[in-house]
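So the protein sequences, as listed, match chains U and H.
FYI, in this note's numbering the residues of the first sequence are 1 to 112.
FYI, in this note's numbering the residues of the second sequence are 1 to 116.
Quick caveat, the hints were computed from the structure, so don't treat them as lab data.
Each residue gets a CB set at the ideal place from its N, CA and C atoms; glycine is no exception.
Incorrect hints may have been included.
[What the hints assert, rightly or not] Some chain U residues judged to face chain H by a derived CB distance under 8 Å, without partners named:
1. G42
2. P43
3. G105
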Amino acid sequence: TQLLEQSPQFLSIQEGENLTVYCNSSSVFSSLQWYRQEPGEGPVLLVTVVTGGEVKKLKRLTFQFGDARKDSSLHITAAQPGDTGLYLCAGARVQGAQKLVFGQGTRLTINP
Amino acid sequence: DTGVSQDPRHKITKRGQNVTFRCDPISEHNRLYWYRQTLGQGPEFLTYFQNEAQLEKSRLLSDRFSAERPKGSFSTLEIQRTEQGDSAMYLCASSFSTGQGVYGYTFGSGTRLTVV
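Start from the sequences and build out the full structure, keeping to the hints where you can.
Below, the structure written as C-alpha cells:
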C-alpha cells in the first residue's frame with residue numbers, strides 16, 4: 001500500500017491544455033515536496049510546501065498543500081511539451097524526519 | 001560545485017557478482033541519502049548519513065547491501081552476490097539540514113544497475 005497515492009498515474013494531453021495532478025494520503029505530513037524526473041536522470045526539486053493551505057506558484061505551475069496537510073495538488077496552466085516528465089510528490093512524516101516517502105509518480109506527456 | 005555526482009551511470013553485471021557505486025555529494029551538504037527506484041515506481045529509501053554516521057537503514061537494505069561514508073565526504077554503496085531483483089536505478093541525494101527537517105534533496109543522475 002502506497003503511503004502517498006498519486007493520480008492519475010498517466011496523463012497525455014495536448015499542448016495548451018490545463019491539468020491537475022493529485023497527491024493524497026491518510027497520514028499527516030510535516031512538509032511535502034514535488035519533483036520532476038526525466039528519463040535516465042534523478043528527480044529535480046520543484047517546490048516544498050510546509051504550511052496547511054499554502055499555495056506556491058512557479059511560472060505556470062501552482063502547488064497547493066491541503067489544509068490538513070494530508071494532500072497536495074499540482075496544477076499546470078497552458079501545458080507545453082517541455083513539461084513532459086514524471087512528477088513525484090514526496091513527504092516527510094514528522095517534523096525533523098530526514099527521509100522522504102515518495103508517491104509512485106504521474107507520467108505526464110504533452111503532445112505538440 | 002557541479003551538484004551530486006554518481007559513478008558509474010550504468011552497470012551491467014552477472015548474477016552473483018559484487019558491485020560498488022560511488023556518490024559525491026554537494027560539499028556544503030551534511031546529509032547524504034541512498035534511494036532505489038524501480039521502473040514505474042517512486043524512489044524508495046535505503047539509508048542516510050549525517051556526516052560519516054549512518055543514522056538509519058531501511059528493511060529493504062538486506063545483509064548483502066552495505067553503505068559507507070568515510071570522512072563524511074563521498075559515499076559508496078556495495079551490493080554483494082547480486083540478484084536479478086537488485087536491478088534498479090540507485091539514486092544518491094544530499095541536503096543541508098539543521099535538524100528541523102528535510103526541505104529538499106538534490107539528487108544525482110543515478111546509477112542504473114542491470115543484473116543478468
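For the hint on U:G42, does the least C-beta distance to chain H fall short of 8 Å?
3 Å, holds
Grab the minimum C-beta distance from U:P43 to chain H and call the hint holds if it beats 8 Å, violated otherwise.
This hint holds: U:P43 lies near chain H, its Cβ roughly 5 Å from the closest one there, short of 8 Å.
Could you check if U:G105 really has its C-beta closer than 8 Å to a C-beta on chain H?
5 Å, holds
Checked against the numbered hints listed earlier, the structure breaks none of them; every hint is satisfied.
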